[in-house]
Amino acid sequence: MKDLAYREEARARHKESFLAPIIKANPLFVMLLGTCPALAVTKSLEAAIGMGILFTFVLTCSNVLVSSLRKIIPSEVTTPSYIVIIATFVTLVKLLTNAFMPELYATLGVFLSLLVVNCIVLGRSEAFASKNTIFDSFLDGIGNGIGFTWAISLMAIIREILGTGMMTFGKIFTFIPLIKLPILKMVDASNEIIYDYSISLFQTPVGAFLVFGAILAVIAAIGNLKAKKAKYKQKEGNK
Amino acid sequence: MSYLVAFLLAIISSTLIDNVVLSRFYGICSFIGVGNKTKSSIGMGLAVTFVTVFATIICWPIYNFLLIPAEIPYMDTVVFILVIASLVQIVGYFIKKKSPSLYKTLGIYLPLITTNCAVLGVVQGNTDSGLDFGMSVANALGTSIGFFIVIFLFACIRERLEGYKVPKALKGVPIALFVAGLMAMAFLGLQGVAG
Amino acid sequence: MKENVKIYLRAAIVLSSIGAVSAGVIGAVNLITKDRIAQNEVNATNKALADIYENASFVEDSEFEKQEGVQMDNFKVNLLSRYEAKKEEELLGFVYKTSGKNSYGEIVMLVGINEQGIGRISFVSDTQTYGSTLEDEYLYKYNNNKRELDDVSCGATYGAKLVKDMAKAAENDYLSRKEGK
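Chains as they are written, first to last, in the numbering used here: chain L, 1 to 239; chain H, 240 to 434; chain V, 435 to 615.
Think of the hints as simulated: they come from the structure by calculation, not from any bench.
In this text, all values refer to a predicted model and were calculated from it rather than measured experimentally.
We put the CB at the ideal spot given by N, CA and C, even for glycine.
Treat the hints with care, as some may be off.
[Claimed, not checked] Cut-off 30 angstroms, straight-line C-alpha distance, at most; resulting in silico cross-link-like pairs (BS3-like, lysine-lysine):
(1) H:Lys407 - L:Lys235
(2) V:Lys440 - L:Lys71
(3) L:Lys131 - L:Lys24
[What the hints assert, rightly or not] If you want the ones that stay clear, here's a sample from chain H, every Cβ over 12 angstroms from chain L, calculated:
(4) Tyr242
(5) Val244
(6) Leu285
(7) Phe293
(8) Ile301
(9) Pro308
(10) Glu310
(11) Arg399
(12) Pro406
So here's chain L without its partners, still in its complex pose:
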């Protein structure tokens, strides 16, 4: 009986550590962590997805390793140890990306190295992986990775459509053919512009701030609306 209850509890915990960071405790939109890469690499959807995948890899690996070493690392040197572990994985990712996806490496540039000081990666190591089991840390890494990836992808879609007027695929992921989906901007075969409603401001840093601010405002507005509804319901209930 006790065993069953324990297992139930463990399953709930696994589910929580995987699902919570995807929406409820989204690292970017709710926790406001990792804003630096989120603003910098969201000029195109492909760059954002690439960054998201590499981020997920680094976070999951460092989470698992930190969690498996949590009883060995003395408390005096936790932060330096974590930094070395994270920096190692980032360097591995850098070398592998440079070797196998040079276009992605060139696009992300210094922001790949800056994963080392990403608040989410170090934060999850300190706050979660150092206190939880390996499996939970693994799930937490994947969950946070997915949460971060969809968040920056959303920003990238908005910025790419508004900024360039098209969605371009195949420029960074060269294994798929080059496709340009015209949305706000249309060009004919000889590159003559037919119509162009794009606002190039959204490709500049200004656009990054505005889009991020607008998304956070929408999230806050939804939150306010929900709170209002809950209050209203409570009032109804009281009657």
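Chain L is already provided as a structure; the job is to place chains H and V on it using the hints.
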């Protein structure tokens, strides 16, 4: 163009024209987190300037005279972050001993600096771009001064904003991001200066 | 006191063993990826070459000597190598591989030059500030509208000056060789 002119120009360009916070988003975490009080923004700005310049002075020789001759330039990120982390520790210890009053203003920001992208970003950017020592220091100085100026201005604006009525959904971080966007727009106008 | 030493010793051992393992892993991965990264650089040059003269074959000029620190209007640039571009035995022109630095970073680019002057330009690598408009805007305008280099404008003026200097250094070398012959 003499070296001194190039040096000064590099400082000015990385301070104003290519401001790190507003164009490369370095240190945006602390920008949003700390940038709502003028006093703490000054502390943070000073601490970042201090650490960035020192980290550049230490990391540049390590990269060019140690890692490159040993043919392990790919170890750069690991070495840089270790240097920065220990530098932050040492600087904190040193300031605490020598000037307790300075420690009071800087102390609490020092641990935050290890994870500030500006420091690693500048050091890594300098070596990636293959800049020489003088230019690296100029870039570090200009970048951190730029960080200082922007975070201070931002804090001033946010302090003023507190007294105004803002739509409920925009309260707090969203309006701060819009402010940052408008600041970035203003700084875009300075790009013509480089001419 | 003895306890303290033990703690520090343990911390030091753990930290240094983590460091040693990580250095080992990175070194091993570097061995695997080294050749591919070098190959990628060659590929990047080939791709840029194909961008300048389509469907041509390129032969590197083995007599060409690397020239470093050529002083131009604003910057010192390097001429790294020179290629002959041929299409079915007909000489299309020359391609110069040049590099140069400004305070934002380093550019390595190829310049096509023939009788008509400076032709297409293509970047091999560019470590200018992330998001620089140099390649997307400046080069695109130049290559597609066939204008003079001086007439093209873009936001990244400092980088554009470097590109101009590099292209002109290549042109000067081309002209002096032509006169010599």
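Checked hints:
1. Annotation: proposed proximity of Lys407 of chain H to Lys235 of chain L holds, straight-line Cα distance about 22 angstroms (limit 30 angstroms).
2. About 16 angstroms separates the Cα atoms of Lys440 of chain V and Lys71 of chain L, which keeps this hinted pair within 30 angstroms; it holds.
3. Our distance criterion of 30 angstroms between C-alpha atoms is met by Lys131 of chain L and Lys24 of chain L, whose separation comes to about 21 angstroms.
4. No Cβ of chain L approaches the Cβ of Tyr242 of chain H within 12 angstroms, the least distance being about 25 angstroms, so the stated non-interface status holds.
5. No beta-carbon of chain L is positioned within 12 angstroms of the beta-carbon of Val244 of chain H; the least distance is around 27 angstroms.
6. Every Cβ of chain L is farther than 12 angstroms from the Cβ of Leu285 of chain H; the closest lies at roughly 19 angstroms, confirming the non-interface assignment.
7. Under the 12 angstroms C-beta cut-off, the non-interface status given to Phe293 of chain H relative to chain L holds; the minimum distance is some 17 angstroms.
8. Every beta carbon of chain L lies more than 12 angstroms from that of Ile301 of chain H, the smallest distance being close to 15 angstroms; the non-interface claim holds.
9. Chain L leaves Pro308 of chain H outside its interface by the beta-carbon criterion, the shortest separation being 19 angstroms against a cut-off of 12 angstroms.
10. Residue-level check passed: Glu310 of chain H sits 14 angstroms from the nearest beta carbon of chain L, beyond 12 angstroms.
11. With a least beta-carbon separation of about 18 angstroms from chain L, Arg399 of chain H lies farther than 12 angstroms from that chain, consistent with its non-interface assignment.
12. A beta-carbon of chain L comes within 12 angstroms of the beta-carbon of Pro406 of chain H; the shortest separation is about 8 angstroms.
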